[in-house]
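**Student:** Listed below are the residues making up each chain.
Protein chains: 2
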Amino acid sequence: MLRVPEHQVAGHQASDGKLGPLIDDSGRFYKPLQNGERGSREVAFYTKFSSNANVPDHIRRYFPVFYGTQLLEASDGSGLQPHIILEDLVSTRVHPSLMDVKIGSRTWYPEAPEEYVQKCLKKDRECTSLSLGFRICGLQAYESEESGFWKPDKKRLQDFTLEDVRSSLRRFVSSNPLSDSEPDCSYASVVYGGPKGILAQLLELKAWFEDQTLFQFNSCSVLMIYEKKAAEAGISSAKVKLVDFAHVVHDQGVIDHNFLGGLCSLIKFVSEILDSPMDK
Amino acid sequence: MLRVPEHQVAGHQASDGKLGPLIDDSGRFYKPLQNGERGSREVAFYTKFSSNANVPDHIRRYFPVFYGTQLLEASDGSGLQPHIILEDLVSTRVHPSLMDVKIGSRTWYPEAPEEYVQKCLKKDRECTSLSLGFRICGLQAYESEESGFWKPDKKRLQDFTLEDVRSSLRRFVSSNPLSDSEPDCSYASVVYGGPKGILAQLLELKAWFEDQTLFQFNSCSVLMIYEKKAAEAGISSAKVKLVDFAHVVHDQGVIDHNFLGGLCSLIKFVSEILDSPMDK
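Keeping their order, the protein sequence lines are chains B and V. Read left to right, the first sequence gives residues 1 to 280 (the UniProt record's numbering). Read left to right, the second sequence gives residues 1 to 280 (the UniProt record's numbering).
Hints are supplied without guarantee of correctness; some may be wrong.
Claimed, not checked - What follows is a set of in silico ranges between Cβ atoms, one per label pair, in the way DEER data are often shown:
1) Glu146(V) with Arg125(B): 27 to 35 Å
2) Val65(B) with Lys155(V): 45 to 53 Å
3) Asp76(V) with Arg125(B): 33 to 41 Å
4) Arg61(V) with Lys196(B): 32 to 40 Å
No wet-lab data here; the hints were simulated from the structure. If you're wondering where the values come from, they're calculated on a predicted model, not measured in any experiment. Every residue gets a Cβ at the ideal spot worked out from N, C-alpha and C, and that includes glycine.
In isolation and in its complexed conformation, chain B is listed as follows (with noise of 0.2 Å):
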């Protein structure tokens, strides 16, 4: 049985009536395919990457398992759509402490059609793309049964300033997200520091970036994933994993430089925090 995903940060919702990314019990997650060409790209781009011998094993991990493409009952109502069928990343996860970061200062890409580029260099322009290399594009801290998740909505977060990603980054890792007061940085080290955290996979993921020139990440998002309950008893759970393929682009004869220049900021943010766990 289909249903509406709990934990959904950003992009498409299924929710109200409206067309969605569905999941099943046995951890798939079925992804309508978008309209016009972001549908055929993102497919072609599944269908490539995982045919791609060139690819590394250790790099494949950080993508979604992509099982196909199949014909399903829209989340709208409106029929038999096609959908992409993906691992779904959260499956086994009890409260995902979840961030979506869409990575690059320019989410467009040169062949794109010219009202596309407009739209998107404003947004780039509005928000923290342009400056940091990166924007914020959904997020949920988790922190407890009673209180829940901390979850700014998607205006708050399009209006993030720096100090705002600055000041989110240590939240998404502290066990007080909610509070007023300042966030306690208590899981940095187990969630983002350590041989498994998400900087070294972030790192691990920089080093195939400074190489690869098999394909232009455009618009794609990292995705940040870990469990309170298992940061609490030390234990990393933290995964880092590549989303949204709708706007790739392929054998362009270079490095996706500005992916990676945007991989590189985030780098930067993230290990300042465990260089400073305690600094405002």
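Dock chain V against the given chain B, drawing on the hints supplied.
**Tutor:** The following block gives chain V in isolation, referenced to the frame of chain B:
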């Protein structure tokens, strides 16, 4: 006695009575302050950079030495004008091979006037800046006493494609840059490679750019310099210098992801030549 520099591949040039830089016999380079904020911003950069104790010495050597400013008779006959006094980067070279590479897929900065933003954006999209993360603004590669330099003109450089860039980076380190046949990449290993080569220098700069948040080097160039005679003898004489700081901004609290991305892209091109010097 001040005179017009013989080896200048990009920027304003003091020929035919125009305003441009001058040099003397003691190894100094006199650059007229550019109009409006540009000139004052470049002086401000050199002043801040020179006195900033957070810039490590091994990084400082990639920048021209700054000797202050001085009023001098301008090259266009307009009388006394303020000039920035810098180290002449090629004063000790006989037949310098030079390449000026403007780094960054974006040459404008967020706070710039809208008219300037649109002008830069148009240019960045028309040349390789947007796609490759850098563009070649000027170059000369020495062949011989008889045939002189290979020196494509500005118009030709503006039309450079990805393949032109790839081929020029090969031709730049070849003994036959003026030939219609394939560049032989004879000097690739001594100029680009080795512990003192250009690649090693670019990687040292990259490591600094991954960390530094002091400066955003908008529209700044990497200048690569070597001497054919030394290269023929297997002696490394290659130098990397950063030049042109009229659009630098300070203390944005973020790494220069735009410069870093473009620098990594250039590094990838240079690495590919070292990996396969015999490729077409």
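**Student:** If a hint holds in the structure, say so; if it doesn't, say that too.
**Tutor:** These are the hints, each one checked on the structure:
1. Glu146(V) with Arg125(B): 27 to 35 Å: Violated, since Glu146(V) and Arg125(B) (Cβ atoms, about 53 Å apart) do not stay within the stated range.
2. Val65(B) with Lys155(V): 45 to 53 Å: 51 Å, holds
3. Asp76(V) with Arg125(B): 33 to 41 Å: Since the Cβ atoms of Asp76(V) and Arg125(B) sit about 37 Å apart, the hinted range of 33 to 41 Å holds.
4. Arg61(V) with Lys196(B): 32 to 40 Å: Distance hint for Arg61(V), Lys196(B) holds at roughly 38 Å.
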